[in-house]
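Number of protein chains: 2
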Amino acid sequence: MSKSSLTPPGVSMELHAGNRERLVAALSAHLSASARPLRGVAFLKGGEEQTRYCSDYVELFRQESYFAYLFGVQEPGFYGAVDIASGQSILFAPRLSPGHAVWMGVNTLPYFKDRYKVDFVFYVDELAQVLQSQFSEHGETPLLFLLYGKNTDSGNYSKPASFEGIEKFDTDLSTLHPLLTECRVIKSDMELALIQYANDVSSEAHIEVMRQIKPGMKEYQLESIFVGASRYRGCRHCSYTCICATGENSSILHYGHAGAPNDRTLNDGDMALMDMGAEYNFYGSDITCSYPINGKFNRNQTVIYNAVLKAHNDVISHMQPGVKWIDMHKLAEQTILESLKKENIIHGDIAAMMNRRLGAVFMPHGLGHLLGIDTHDPGGYPEGLERPKEPGLRSLRTIRELKEGMVITVEPGCYFIDTLLRHARDDPISSKFFNWEKIEIYKSSGGVRVESNMYVTAQGCKNLTNCPREIREIEAVMAGAPWHSRDTLSST
Amino acid sequence: MSKSSLTPPGVSMELHAGNRERLVAALSAHLSASARPLRGVAFLKGGEEQTRYCSDYVELFRQESYFAYLFGVQEPGFYGAVDIASGQSILFAPRLSPGHAVWMGVNTLPYFKDRYKVDFVFYVDELAQVLQSQFSEHGETPLLFLLYGKNTDSGNYSKPASFEGIEKFDTDLSTLHPLLTECRVIKSDMELALIQYANDVSSEAHIEVMRQIKPGMKEYQLESIFVGASRYRGCRHCSYTCICATGENSSILHYGHAGAPNDRTLNDGDMALMDMGAEYNFYGSDITCSYPINGKFNRNQTVIYNAVLKAHNDVISHMQPGVKWIDMHKLAEQTILESLKKENIIHGDIAAMMNRRLGAVFMPHGLGHLLGIDTHDPGGYPEGLERPKEPGLRSLRTIRELKEGMVITVEPGCYFIDTLLRHARDDPISSKFFNWEKIEIYKSSGGVRVESNMYVTAQGCKNLTNCPREIREIEAVMAGAPWHSRDTLSST
Ligand SMILES: [Mn+2]
Ligand SMILES: [Mn+2]
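Respectively, the protein sequence lines represent chains H and U.
Number 368 in my numbering belongs to position 368 of the first sequence; there are no gaps in the numbering.
Number 361 in my numbering belongs to position 361 of the second sequence; there are no gaps in the numbering.
Keep in mind that the hints are not guaranteed to be accurate.
Each pair may be met inside one copy or between any two copies, as identical chains are not told apart.
Claimed, not checked - The list that follows gives simulated cross-link-like pairs (lysine-lysine, DSBU-like), each with its CA atoms no further than 35 Å apart:
| no. | residue 1 | residue 2 |
| --- | --- | --- |
| 1 | Lys342 | Lys159 |
| 2 | Lys330 | Lys403 |
| 3 | Lys443 | Lys113 |
| 4 | Lys159 | Lys432 |
| 5 | Lys168 | Lys403 |
| 6 | Lys117 | Lys214 |
| 7 | Lys214 | Lys113 |
| 8 | Lys310 | Lys330 |
| 9 | Lys168 | Lys330 |
| 10 | Lys443 | Lys403 |
The hints are simulated quantities; they were obtained by calculation from the structure and are not laboratory data.
No experiment lies behind these values; they were computed from the predicted model shown.
Go ahead and model the full structure; you've got the sequences and the hints to work with.
Put into C-alpha cells, the structure is as follows:
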C-alpha cells in the first residue's frame, strides 16, 4: 500500500438533516402552490437485508438510496418519517430479539437517536400507533406521502412503504417521488464534500493501478489493487462493479460482470480501459482512465486517445448552467468524428454524418449522467422531458439543461465494436463514410473512454477527478513520476 | 502486494460433470430402492441478476449454490436439466436482445455449450417444447424432479423452478432436495482442490494482515488488505462479510455487518479476532485468526488464547469417520472450561458445569459447520436428525457423525459477553461457578476464536488451513519471520 495523505472525512448527520430540510421546503412550496393544506408526512421504508436464495449467506447491506439521502441510516429494516409542518423527523427501528446482541452488538433506541440525530426513534411495530397519535390533531386522518415513481434509468418503480394498518391513513402516491428526486439532483456543499472524497480516493487508486500494471498480469489483479486501495481509505463499497477491460475487451461496454469477470491476461501492446469508482458514506464516484499496458502510447493509440480526450476537454470547457446536455453529447460526437476524419478513418461531410447519427457507431452510450448516491443518480428525465429515440441520443440518461449544483459525469468514448460496424457497413449510404481498411487497422486498439466527474458551478464547472489525462502526464506517472494532489491545484 | 507463489488452478468442467454423475447415481439408487421407474429429469433454475431497489445498480451476480454445484454456470438467468436415465445434461440460456452484445459481449449457444461442456444448450424460451420433445417417449408425460426443501441454517425453502407450461409436466417436489443436498456433503477430490486453493489464498492473506497490523490503523484497513490480497490471487468473492473485530468488538459474533462496519481504531494492547475467507470458483473457506495487535501476547491473552487453541487441537486429534460432531462440541467446551478452571476464572465440578450448559456462556456458537459452495454448507440436519434445544448445542449447524469426504470447520471460541455473563450471574446456582472478580479482569481481553477448515479422511482428518497457531509462531510471523507454505509440510 503506497503512502497516502487521504483520511476519511467525518460525516455529520447535518448533511442528512439538510437533505430533509430541502425536501420539506420543496413539499411546502408545492402544497402551497397547489392550494393544498400544509400537512402530511413524507414516509419511507428503508432497505431490507437480503440472504442469498435459500441459504443463510447475508449480503452486505447497502441502504436504499432515497432513504439514505434523507436519514443516512446504515442498518436494514428501518422506516422513516418527516413531518412537513414541523420538519420533525422520526425513525422506526426493527425490534430485535434479546439474543440478537450476542450476534450483532447492542443497538438500542437511544443509540439510534444519538447516531442519526432525528427527533424521535420508535420501534417498527409501533408505527401505526405512533403515526396516528402524532399526526391526527383536530381528529383528521394523517396523510402519508409515499415514495412511488419510475426510475428512468432502470424503468423500475420504487415500492411505496407499507405496514399493517396503513389502510387507516390517507396516502398520496404521486407528490413525493418527483419532488424528492429533484432535491437529489442539486448537491449541497456537504454532499459535494463526500463526492469529492470518493473522487480523491478513486483518483489515487486509479494511479496506483497505473503504476503497477504490466504485461502478464490478470485484469482482476488491477481490480484487486483498486478495491484494496479504496477500502483502505474508508470506501467499503464500490459505486459499481469494476470494469477492467484490456485489449479487445475494452469495446465491451459493461465488461467485468459475472460472465466476463476481468479474467484476461494482459499483453504487451494492449490498451486498458479502467472504469472504477469508490463510494464513501453512500456518495459515489465514477472514473475511467484509458492507457496502454506497457506505459507507452503507440501512434494509433495516440490518435484514438487524443480524439476522446479532446471531446472530454471541449465538453468541459463549454459546461455551465443553462447548457443543454444533449448539445454537449452532440459536441462530443462531432469532436470525435472530426478527429477520426483528420486521420482518414472516416471521410465526407461531418454534418451529414451527424444527421445519420454515425457518431453513435463509435460512441453508442450517452456522454454522461447525474452522479450522487446512485452512480446513475435519478432525475435525468423529470416529467415532461422525453427520452430521444435516435441511436446514441436514446442512450442519454439525461438531456436536461445544466444547473448549478449538479454533479454529472463527462465520459466520451470511441470504440470499434463489431456489431455496430457491421451494421453501418451493411447500410449502403452510411457505409460510404467509413474507410474500412483503416477501420480494420484501428480495430485492434479496442475502445477508449475518458471519464471525469464534474460539479456545475455558477459560471462553469469544476472537475472533481484528479487523474493524469494528457498522454505525456500518463506516460510520466506510469514511469514513476509523482502526481500532484488536488490541493496543490488552483480550482478551475 | 507481497510475493506469492499462488496461482489460481484451472477449473475443469469435469468437476461439475462429476457432481451431476453423483446426483444421477443417488437418484437412480433411490428410485430403484423405492421400486419406481428409472425416469425423470432433475430440473433446476439458476439465480437471477438483482438490481438495487428501483435503481439500475446491478449487484455482482453470484450463482445460486445448488445450480453452481451441478453446472458451474457463472451467468444469471439459466435453467438446467439432468436426465436420470441417460445422464445427459441440458442448459437453457436466456435469449438476449441483439443490442446486448454491445454492452455485455457476445454469448452464443455454442459458446455456452463449449464453456460448460453440457450435452445440449437451448434458449430459455424453448424450455417447455424441448423438455416435451426430449423426454416424452412412449407418450408419457415427462417427470420433473424440482428442488424444494428447507435450508436448516436459514429456515428458508429453496424455490422450485417454474416456467410457462410447467402444468403440462408431472412434477416431484420431495425427492431431489435431500438427495442433492447429501451429494454436496461429501466432497470429490476436484472440489477439495478448490477448497484447498481458497484456503491457501486466505491463509496467506491472513498472514499479510498479521504482518501489517499495528495500533492506530482502522479495522477496515485490515479488511482491505485481506480482500485486496484474495482478489489479487483470483478470488473475487469472499465467502462471507469480513469480521475484523478488535478490542471489545471481538465478543460480537457477527461484527462487521453494515451497522458495525469494521470502523474502530486499533489500540495498543487490544486483541484482534479476524474471521475472513476467500471463495474460488464458488468454493469457499472460513478461517479465523486471533492475536494481539501489537504482536505480543500478554499473560491474560495467553491464558484465553491457549484455552481456545487447546480445544481446537484436541478436537482435531479426535476427528475421524464415525465420531459424532455433538461430542466434539462438548469436548471443546469441556477443554475450555478446564483451562478456565486452572486459572481460577471458574471453579467447581466441570461435569456439573457441563450439565448446566455453562460452556455456552463462553462459547454460545456451534463448534463448526460443513463448508463448501456455501460457507454454511447444507446437509447438517438430514431428515430424522433433530436440532438440540440446549444452549450452545442448539447453535450447532450439524450434529452428524463425521464421514470421509466431509469438509467441516473447527472453530472453538471463548468470549466474555455481557448479556450472557449477566444472565449466568442472575442465576443463583450457575453464578457460584464463576469467579466474578477474575471475570471482570479478563473481560477486557474480549473474545478469541481459532478456526480451521478440516477434511475428514478415512483414518482421521487433514487441516486445509495453514496459519500460524502456536503463540510463538504467531509472534514470530508478526515480527517478520517467514512462514512455511503448505507444500513444504508433510500432510497429516
Ligand atoms: Mn459513468
Ligand atoms: Mn465458520
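For each hint, the structure was consulted:
1. Proximity of lysine 342 to lysine 159 under the C-alpha cut-off of 35 Å is found in neither arrangement, the shortest distances being 51 Å within a copy and 58 Å between copies.
2. Within a single copy, lysine 330 and lysine 403 get their C-alpha atoms as close as 19 Å, which meets the 35 Å cut-off; across copies the closest is 67 Å, which misses it.
3. Taking CA atoms no more than 35 Å apart as the test, lysine 443 paired with lysine 113 passes between copies only; the shortest distance there is 28 Å, against 58 Å inside one copy.
4. In this assembly of identical chains, the alpha carbons of lysine 159 and lysine 432 never lie at most 35 Å apart, being 49 Å within a copy and 54 Å across copies at closest.
5. Proximity of lysine 168 to lysine 403 under the C-alpha cut-off of 35 Å is found in neither arrangement, the shortest distances being 41 Å within a copy and 58 Å between copies.
6. In this homomeric assembly, lysine 117 and lysine 214 come within 35 Å of each other (Cα to Cα) only across copies, at 33 Å, whereas the closest approach inside a single copy is 48 Å.
7. Taking identical chains as interchangeable, the C-alpha atoms of lysine 214 and lysine 113 lie at most 35 Å apart only when they sit on different chains, with a minimum of 33 Å there against 50 Å within one chain.
8. Taking the shortest alpha-carbon separations for lysine 310 and lysine 330, only the intra-copy value of 13 Å comes in at or below 35 Å, while the best inter-copy value is 70 Å.
9. Taking the shortest Cα distances, lysine 168 and lysine 330 never come within 35 Å of each other, neither inside one copy (52 Å) nor across copies (53 Å).
10. For a Cα distance limit of 35 Å, the shortest separation of lysine 443 from lysine 403 qualifies neither inside one copy, at 38 Å, nor across copies, at 56 Å.
When the structure is compared with the earlier hints, violations turn up for hints 1, 4, 5, 9 and 10 and for no others.
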